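The numbering used here puts the first residue of the sequence shown at 23, with every later residue one more than the last.
In case anyone wonders, no lab produced these hints; they're calculated from the structure.
Fair warning: this is a prediction, and the values are worked out from it, not measured in the lab.
Take these hints with a grain of salt, some might be off.
[As the list claims (entries may be wrong)] Within a straight-line C-alpha distance of at most 30 Å, the following computed BS3-like cross-link-like pairs (lysine-lysine) qualify: (1) LYS40 - LYS62; (2) LYS50 - LYS62; (3) LYS46 - LYS101; (4) LYS46 - LYS62; (5) LYS191 - LYS170; (6) LYS191 - LYS161.
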Amino acid sequence: MMVISKICFFSEPSEMSKFVLTSKDGDKFEVDGDVLRPSKMLHTMITDLGLSGGGEEIPLENVQSHILKKVLEWCEQHKEDFSTDSEEASTSEPSKKQRKTDPSEWDTAFLEVDAATLFDIIAAANYLDIEPLLELGCKQVANTLRGKTAEQIRAMWGINETFGPKEEKQCRIEMGFTDEEDEGVE
């Protein structure tokens, strides 16, 4: 086992290591060990359980099949970004500098999905502890919201306004969003 900055790697994850991920729906995905590099949760599980990569099954009961397929697609695309060579990287994650740059064309195309799928990808990235994918998904949501009014956001995501004028005013005060327009609301 090699330890790199608080993250344990099973010895030499490679295309020869095979794991079977089982989704919430019961579908099985045979995955090369190197594809699992981006997931801190899977690395910890594999290390703690001493799995060798001989086709062991890992249940992922919080991730549906169609989302797991998307997440594995992202992991396959980015597996080289997560080096296990201590000379190449001091952590298993891409550097903060790399992550702060704009997403690649591939990542942009990858996230061109409906809102429900995007939220499920974000939830799966959080569950599997794939921080760069989580950040990428959250940035995509933030970019979608940028420049939109509350009414536009509600319409875009089918959210019904549940606050009356008094509740809305109280919310604005609590959140620090008061302005002169709020003065007339009683």
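To see whether the hints hold, each was checked on the structure:
{"no.": "1", "hint": "LYS40 - LYS62", "in the structure": "holds (17 Å)"}
{"no.": "2", "hint": "LYS50 - LYS62", "in the structure": "holds (20 Å)"}
{"no.": "3", "hint": "LYS46 - LYS101", "in the structure": "holds (24 Å)"}
{"no.": "4", "hint": "LYS46 - LYS62", "in the structure": "holds (19 Å)"}
{"no.": "5", "hint": "LYS191 - LYS170", "in the structure": "holds (20 Å)"}
{"no.": "6", "hint": "LYS191 - LYS161", "in the structure": "holds (29 Å)"}
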